[in-house]
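Asks: Chain by chain, the residues run as shown.
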Amino acid sequence: MNKKLILFLAAFSVGNSVFASSHREAPLIANDPLADNTDLYAFRSPDNPNTVTIIANYIPTEFKEGGPNYASFGENIRYEIHIDNDASVSGDEITYRFTFNKVNEDPTTFFNIRLGQQNLKTSYTMEKSTDGGLTFTTIVSNGIVPPPNIGDRSIENPTVGLGTTYDQLISNAIATASTGETVFCGPADDPFFVDLGGIFDLGDAPRQNNNNKVHDGLAKFNTHSIAIQVPIEDLQKDGLAVSSASDILDGDFVIGVWASSSRQTTRTLNGNGTESYSGSWVQVSRLGMPLTNEAVIPIGQKDYWNSLTPYQEISETTLDENFYNPELALYMDDDAFGGAVPAMAGLRIQKNSLGGFDFTNNADGLFALKGTAAVAGTALDDAIFGTLLLPGAGKPRSVDLWPIFHTGVPNLAPYHLATGKPVGNPLANGKPFINNFLPNGGDMLRLNMAVPPTPRTDPAFSSLGLVQAAVLGLTDPTYNSSATLQFIPNMDGFPNGRRLEDDVTRIEMQAVGGVVLAAIGLWYDDYNTTTSPTPVTNMLVNVLNYSTGVEENDIAFKTSFPYVQNPWVGKQ
Amino acid sequence: MLLIPVTSLFASSHREAPLIANDPLADNTDLYAFRSPDDPNTITIIANYVPLQIPQAGPNYYSFGQGIRYEIHVDNDASVSGDEITYRFTFNRTNQDGTTFFNIRLGQQNLKTTYTMEKSTDGGVTFTTILSNGVVPPPNIGDRSIDTPGIGLGTPYETLFTNAISTASTGEEVFCGPVDDPFFVDLGGIFDLGDSPRQSGTPKDGLSHLNVHSIAIKVPIEDLQKDGNPVSMAANILDGNYVIGVWASASRQTTQVIDANGAGFTNSGPWVQVSRLGMPLTNEAVIPIGQKDFWNSITPYQEIAETTLDENFYNPELGLYMDDALFGPAVPAFAPLRIQRNSLAQIFGGFDFGNTNDGLWPLKGTPAVAGTALDDAIFGTLLLPAAGKPRSVDLWPIFHTGVPNLAPYQLATGKTGGNPLTNGKPFINNFLPNGGDMLRLNMAVPVTPRNDPNFSSLGLVQAAVLGLTDPTYNSSASLQFIPNMDGFPNGRRLEDDVTRIELQAVSGIVLAAIGLWYDDYDTAGSPVTPDLLSVYGYSTGIVSNDTLFRAGFPYVQVPWRGDDNRLGSEISYTQPNILPASNLGVAEYGKEYFGVKAFPNPMVNQTTIEFELKEASQVNVQLYTLKGELVYETGMKNFSSSGTQSVKIDGERLPNGLIMAKISVNNSAGKNVRLIKLIKQ
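First to last, the sequence lines map onto chains A and B. Residue numbers for the first sequence follow this note's numbering, so the first one is 1 and each next one is one higher. Residue numbers for the second sequence follow this note's numbering, so the first one is 1 and each next one is one higher.
Any given hint might turn out to be false.
Said to hold, decoys possible - Here are a few chain A residues that face chain B, going by a calculated C-beta distance under 10 Å:
| id | residue |
| --- | --- |
| 1 | Arg153 |
| 2 | Ser246 |
| 3 | Asp247 |
| 4 | Ile248 |
| 5 | Gly300 |
| 6 | Thr534 |
Since the hints were made in silico from the structure, they are not lab data. Source: prediction; values computed, not measured. Glycine included, C-beta positions come from ideal geometry on N, C-alpha and C.
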């Protein structure tokens with residue numbers, strides 16, 4: 001197994017990510033909204049825990065009153081959800097493909113809905129491949145996409161409109177595939193939340209000197225969701241139910257999920273208001289981890305990033321540097337541009353952790369330990385994962401940001417909580433808290449399906465996801481009194497998969513700020529192993545306190561599938 | 001002369017056809033043409049593209065597209081087919097710093113856009129470059145990216161905006177860049193089956209706080225007039241030799257191939273028009289969905305030979321919703337708008353302009369129309385092509401030929417015997433029968449000053465009302481300048497409420513203006529009947545733009561700023577204080593802490609440190625360099641009350657770089673200390 005992994009991983013590119021999901025994130029796709037993949041979620045269904053729900057969103061910042069031709073899925077586009085569950089097999093184990101078709105029921109009107117008839121009425125075909133995308137079988141035909149939520153006259157009025165309720169239209173659109181998946185494709189409230197206007201004004205999040213006001217720039221915008229709910233045994237590589245998991249971090253229950261959209265290479269304008277497509281299919285947008293292509297990949301490489309699959313990233317090397325030495329880290333380092341981004345003043349990367357490790361850009365991080373006895377038997381031991389995690393000097397974030405975004409994180413030292421580790425030795429075994437290791441490609445959302453869901457009504461539920469689980473595991477007496485594996489609330493949160501509620505912007509900013517390093521015992525510079533009463537120092541508190549101020553969606557999620565909320569009403 | 005009747009209606013042209021809705025960069029949203037109010041010897045033409053831009057749309061803010069030909073077309077001579085002048089704009093984008101995901105950083109800008117402007121005077125056969133490397137201002141991201149020196153561009157947006165105004169080698173003033181979308185409409189209401197004004201709830205300008213990209217040009221009138229004459233040579237204010245037709249378009253090459261590595265496109269093949277615009281709202285609310293993409297693909301000149309679109313104008317869909325015999329009752333918001341079904345019953349036995357009725361067709365070939373524009377001997381079958389096409393006499397010419405200064409197209413003022421076919425008071429002449437849908441402007445009509453109390457967003461409708469009812473204008477049939485004769489549909493001013501005007505037009509208000517009064521007119525009474533007042537009073541409730549226009553070129557307003565507090569949904573959030581590092585030995589951090597902030601920070605010459613006090617306290621502020629050197633001290637100061645207090649720091653002599661500010665507070669709760677970082681630039 002280890003040798004095989006080394007072969008697999010030797011040529012891996014290193015990736016790490018950062019901040020405001022993936023709306024209009026690259027120059028080319030920003031001009032092709034229908035194919036623009038904006039967000040991806042994968043989580044154990046809170047009300048149906050033997051299943052996993054995957055939601056892929058497309059079409060950014062849909063304007064709710066965008067008539068007369070409201071936004072909808074595009075024809076001539078292949079929308080796909082990809083699932084990898086076995087690192088020993090290259091490529092997808094399961095691929096779901098969605099294609100859409102639009103018809104006009106009454107081409108004599110400029111209104112979208114009139115007298116019970118709908119124009120640009122959209123239906124879909126869902127196909128499934130279990131041979132890496134070579135062959136597909138249709139599992140839903142003529143699936144219903146609900147109409148745009150135009151207003152009461154178009155939707156509810158029985159004479160002039162459709163004469164139904166929007167809730168009814170949504171529930172009627174939930175289908176069951178012939179292979180058992182529950183499916184929904186349609187417009188939805190955009191579940192993402194971020195202060196777009198602040199953060200892209202050179203990182204002004206939370207906004208400074210703005211009378212303590214921040215703004216959810218995606219409030220009241222719609223998007224289009226493709227949501228599927230799949231029994232865990234249909235996703236697990238050996239067909240096992242979650243009840244068969246050996247423990248809540250069983251490595252056989254890890255899946256990697258990514259989404260994409262593809263178009264045919266050649267578009268021809270026919271000159272009469274119609275267009276034709278021909279040629280092979282080319283990927284034009286993709287998404288795994290949130291914000292990778294929005295705030296890690298620089299503009300010169302964004303279009304290229306969209307064109308690759310995660311599997312191609314294994315042999316791709318030009319993107320690596322963005323993750324070893326991320327641009328955002330420049331703004332969290334007083335010796336770089338830290339002074340120029342006051343909003344991020346609370347985020348300061350370890351420069352002198354445990355009296356010697358420097359994780360700021362171009363420093364060596366843990367590379368000094370390469371090949372030493374200290375790393376023997378840990379994930380950093382060349383004998384175990386090769387040069388994957390310590391590929392060279394001057395790549396400080398190869399040990400934290402990179403595996404989070406490119407392989408997942410194994411349940412192995414140093415990737416245990418500091419709880420249970422001797423003071424000052426992050427390389428010792430500690431309390432397990434994550435295992436979503438699936439080294440079979442680059443950027444994916446990796447979820448260990450064996451981790452139980454945290455009920456959304458649990459007082460311990462937190463949008464800080466795994467960061468909050470780490471905090472509880474380090475500080476809460478219920479969890480920090482032993483190094484044994486326990487379920488800690490929010491272990492099912494980002495970056496172990498991604499729940500709709502997870503504040504990924506905040507978590508990723510904290511991660512760039514070094515919070516994962518701290519969780520495993522690489523404490524901040526103001527911790528002194530002999531004199532400090534606690535490793536929860538002011539610098540760690542500052543990082544944990546960091547927030548953009550936009551911490552939740554502008555409307556509550558549904559408690560059951562598809563979880564995303566109805567689209568905003570055009571006339572609202 | 002074969003012309004295709006077409007008439008139009010309502011909410012300009014944003015995302016108006018299925019295909020172009022998916023190609024925002026090439027989507028032509030609005031077109032304006034008006035005599036420049038501050039420079040009346042010129043005409044300003046503004047063509048807008050790229051709809052519904054949210055100002056906060058980082059990291060790749062909206063811009064003009066590459067591989068697209070944006071064009072403004074001008075026709076000034078009906079005796080020559082095709083454009084007399086064509087302006088073409090093409091754009092190029094470069095990254096100044098490909099290593100960042102920010103659009104602007106350290107004074108460098110990505111997706112920085114420049115343009116080339118070309119001009120053709122031979123119908124688009126050959127083009128000459130008249131402006132190279134024109135500057136497109138950057139997106140108005142926020143104060144850090146734009147105003148802050150060092151990290152941003154260090155320039156106010158107003159300066160970036162005005163610096164981008166250029167002069168072409170042939171004398172035109174030009175601006176290409178992002179602006180506030182000047183259009184205003186209740187999109188959400190009107191497209192919910194015509195619920196405008198909303199029957200419950202308040203109207204909402206669906207385009208407020210959104211940006212668009214403008215191509216604006218200001219051209220001397222003599223450069224647009226077909227014989228090169230300045231406006232001073234016009235025979236009168238309706239001189240027919242001063243009419244221009246303006247339309248805009250966007251074209252792409254037929255074939256687009258995605259590069260093998262997926263990271264770009266290669267375009268090839270002939271250029272094909274993918275979007276066009278002349279009159280507002282034609283393709284948004286007149287052309288039905290089945291024909292919208294086709295409409296975008298043809299030119300106004302091709303409409304001369306095209307016949308499938310006609311019916312939408314003879315019998316407009318919106319006409320259905322203003323007729324109680326059809327779907328009128330289903331659209332309560334349009335209840336004030338009712339088309340003449342029995343006009344002039346007492347004199348002519350009644351004309352019916354309801355859909356599929358005959359309108360003025362019964363007069364075809366009769367002595368009554370002899371010598372008028374409806375006489376076959378004058379314009380052929382143009383205006384009375386057949387029975388069952390009632391709107392061939394009003395909506396159609398407004399949108400497809402312009403309207404000649406000839407009976408019946410004169411105000412009822414001065415007409416005799418209650419007969420609309422007699423001569424009356426002239427009020428419009430923008431007749432240019434050289435193609436279909438264009439914005440037609442008579443450049444000889446004087447400008448109504450924007451600060452004139454008579455200035456009205458009702459445009460020519462308001463001019464007609466004054467000409468019919470105001471003693472200054474209704475006492476004679478002679479030609480006079482009536483305020484707003486320079487308004488839509490004689491060209492289009494930024495202020496014109498074209499949605500309202502077009503809905504009123506569909507409801508027959510132009511017919512009424514020329515004496516085809518509403519059904520409730522009794523020859524014994526005033527023609528200004530309750531039905532007419534009802535149509536005139538109709539409004540969607542959104543009657544003006546959400547920001548003022550500029551008094552000078554390009555008249556459209558600077559774009560909304562991405563960090564504007566009016567965008568998105570506001571959330572109160574107080575950032576926690578940044579704690580000092582635990583073991584630096586400078587401060588103990590008490591539970592009873594107080595909030596501190598400094599602004600501006602980074603500072604140049606001065607900053608203010610603000611803090612919250614729980615009670616009267618003594619406060620000392622000391623500034624240290626990172627070496628621990630004390631460089632500034634206020635001394636212990638007394639603050640006699642609680643709440644927000646501040647001290648000003650004169651930073652002129654402080655060293656540049658990072659400075660620690662130590663704020664010590666003494667009060668009855670004891671001593672408390674806070675540290676914050678200041679940057680001196």
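Asks: All hints, please: hold or fail.
Replies: Structure-based check of all given hints:
no., hint, result
1, Arg153, "4 Å, holds"
2, Ser246, "41 Å, violated"
3, Asp247, "36 Å, violated"
4, Ile248, "33 Å, violated"
5, Gly300, "3 Å, holds"
6, Thr534, "9 Å, holds"
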